[in-house]
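Peer 1: Following the hints, put chain B in place on chain A, whose structure we already have.
Note that the protein sequences, when read in sequence, are chains A and B.
If you're matching positions, the first sequence starts at 0 in numbering that gives the first Met the number 0 and goes up one per residue.
If you're matching positions, the second sequence starts at 0 in numbering that gives the first Met the number 0 and goes up one per residue.
Hints were generated in silico from the structure; no laboratory data involved.
Same chains, same label: a pair holds when it works inside one copy or across any pair of copies.
Derived lysine-lysine pairs resembling DSS-like cross-links, with alpha carbons at most 27 Å apart:
1) 285 / 21
2) 152 / 264
3) 271 / 152
4) 59 / 21
The primary structure of each chain is shown beneath.
Protein chains: 2
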Amino acid sequence: MNYPDFIHLKEVGPRDGLQNEKVFIDTEDKVKWINMLSDSGIGEIEYSSFVHPKWIPQLKDAREVGRKIKRNKNVFYSALVPNLKGLEHALEAGIDGASVFMSVSETHNKKNINKTVAETYPVLREVIREAKTAGKNVTGYVSTVFDCPYEGKVEPEQVLRVCDQLIADGVDAISLGDTIGTAVPSQVERLLERMLSHFNPEQLILHFHDTRGMAIANILTSLQYGITHFDSSVGGLGGCPYAKGAAGNVATNDVLYLLHGLGIKTGIKEEKMQQAALYIQDKLGKQLPSKTVASQASNY
Amino acid sequence: MNYPDFIHLKEVGPRDGLQNEKVFIDTEDKVKWINMLSDSGIGEIEYSSFVHPKWIPQLKDAREVGRKIKRNKNVFYSALVPNLKGLEHALEAGIDGASVFMSVSETHNKKNINKTVAETYPVLREVIREAKTAGKNVTGYVSTVFDCPYEGKVEPEQVLRVCDQLIADGVDAISLGDTIGTAVPSQVERLLERMLSHFNPEQLILHFHDTRGMAIANILTSLQYGITHFDSSVGGLGGCPYAKGAAGNVATNDVLYLLHGLGIKTGIKEEKMQQAALYIQDKLGKQLPSKTVASQASNY
Numbered sequence: 000m001n002y003p004d005f006i007h008l009k010e011v012g013p014r015d016g017l018q019n020e021k022v023f024i025d026t027e028d029k030v031k032w033i034n035m036l037s038d039s040g041i042g043e044i045e046y047s048s049f050v051h052p053k054w055i056p057q058l059k060d061a062r063e064v065g066r067k068i069k070r071n072k073n074v075f076y077s078a079l080v081p082n083l084k085g086l087e088h089a090l091e092a093g094i095d096g097a098s099v100f101m102s103v104s105e106t107h108n109k110k111n112i113n114k115t116v117a118e119t120y121p122v123l124r125e126v127i128r129e130a131k132t133a134g135k136n137v138t139g140y141v142s143t144v145f146d147c148p149y150e151g152k153v154e155p156e157q158v159l160r161v162c163d164q165l166i167a168d169g170v171d172a173i174s175l176g177d178t179i180g181t182a183v184p185s186q187v188e189r190l191l192e193r194m195l196s197h198f199n200p201e202q203l204i205l206h207f208h209d210t211r212g213m214a215i216a217n218i219l220t221s222l223q224y225g226i227t228h229f230d231s232s233v234g235g236l237g238g239c240p241y242a243k244g245a246a247g248n249v250a251t252n253d254v255l256y257l258l259h260g261l262g263i264k265t266g267i268k269e270e271k272m273q274q275a276a277l278y279i280q281d282k283l284g285k286q287l288p289s290k291t292v293a294s295q296a297s298n299y
Numbered sequence: 000m001n002y003p004d005f006i007h008l009k010e011v012g013p014r015d016g017l018q019n020e021k022v023f024i025d026t027e028d029k030v031k032w033i034n035m036l037s038d039s040g041i042g043e044i045e046y047s048s049f050v051h052p053k054w055i056p057q058l059k060d061a062r063e064v065g066r067k068i069k070r071n072k073n074v075f076y077s078a079l080v081p082n083l084k085g086l087e088h089a090l091e092a093g094i095d096g097a098s099v100f101m102s103v104s105e106t107h108n109k110k111n112i113n114k115t116v117a118e119t120y121p122v123l124r125e126v127i128r129e130a131k132t133a134g135k136n137v138t139g140y141v142s143t144v145f146d147c148p149y150e151g152k153v154e155p156e157q158v159l160r161v162c163d164q165l166i167a168d169g170v171d172a173i174s175l176g177d178t179i180g181t182a183v184p185s186q187v188e189r190l191l192e193r194m195l196s197h198f199n200p201e202q203l204i205l206h207f208h209d210t211r212g213m214a215i216a217n218i219l220t221s222l223q224y225g226i227t228h229f230d231s232s233v234g235g236l237g238g239c240p241y242a243k244g245a246a247g248n249v250a251t252n253d254v255l256y257l258l259h260g261l262g263i264k265t266g267i268k269e270e271k272m273q274q275a276a277l278y279i280q281d282k283l284g285k286q287l288p289s290k291t292v293a294s295q296a297s298n299y
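Bound-form chain A, shown alone (with noise of 0.2 Å):
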């Protein structure tokens, strides 16, 4: 098999893994826990989500965090915003990119913003033009790319209207999101195949959760189509929590393994990630999903 020769992951723990978790996790802890991973060799870290606080309690120190963070120059850090509100927070508190967000499907759409699908470009256009104005990267996080927890399987067809439309918005890469982790490699390689007709891989990004335990054999998958770019979550942090074995973003600590074992370079320290995945696993009190974490926190 081919496989590419550097990956670039984002490391989106401080954002998707931590919002659902119900431990409040103080901002000096995420603070340090950010440093940690800036130091890791990752290129990019999702620092945390600028909405409303009330929708996301754990991130509510957002702009604190953006504050407080020792940037390093290696790093581009980037964060969501839902709207222009969101967006001048995070310009305020410093960002290199932001990432806006809807789903491909009506319901799941609906259901996380209130808004159709039609009606939500016309906000999304508005904060992707002030961020390019503001010189910043924008990356466009599009929902239930495979399969639709109140819809069911989603057409790529569908995948493909929604990231036009983004694109001709002037969204710099797509972050394609298995939502709910129950994709199979199949269903990559039907998708990738309609998309990669339209973009180039380097506009894509690859995000998979691991609720089936799918989300390794699916990035394999991504990586034979020549996919470059993966979203992953420290330790597997995330899931949802009105779903016991709904697990988080795949590891970046499985992925770690999986590409330095398949000689593919990420720039990224493996201890260095391990100790980032101990400290948070620490202070939340209970064993993250990633396998490799948990296998060589028991072995060495």
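Peer 2: What follows is chain B alone, placed relative to chain A:
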């Protein structure tokens, strides 16, 4: 990608899965559990091991289990046998097939069965001959085919030598074991390319452990090489008691999720495997590692 149409799974939970568990499962419960597995549509179950009870106290009731389980005419019942004495007991208890075992690496073989690789062949040859004389199918488990915990990387050439000898000595198939669960897909590719220059895919069974979360990706790679036989353990039961994070065999439930998702038939009903996983999970009093089991248990 091209995948096979039908995959044969061997359920090894009652042997490989259970052997290191400290909580003794009562014989009646084992029998009930194996009967549940027999009812799932799976084609083969390794129901116990006929090694001396002092080595594996959990499986000391192999003979009783063999006598008490309800034989389903569509299921092939096999057991692990270390020597002629074990085979004799297994034949009395009733088996359709016997599995012999050895390691590729000298140190692991020595620690596991107290013989050099060369000394092991004559012992297995005798067992294979007697089992074949009794009309039984014989599988050769070959351990440490990728990595040895003592010697590090194992070369495909070494694996091939051992397999060639076992095939010459009469085994019907070889189960290639990633004993410590550290292999990545490129190692699987490299080994299978070498093995498939000597053997048909049907002669090979792949046996993965999930210590680093790579097992499903390794199975995906094996499928791309035309492999049609895999060992797996319900719920992902198993693992080494000395390594907290060292998961057991790849979970049958996760493998089914992958295979059925890819449109591959197995003849196995997922809901029956879910019930069997929850049954043994309850008896052991701890959550099994399978993500599919955990997420289904919380969602349905």
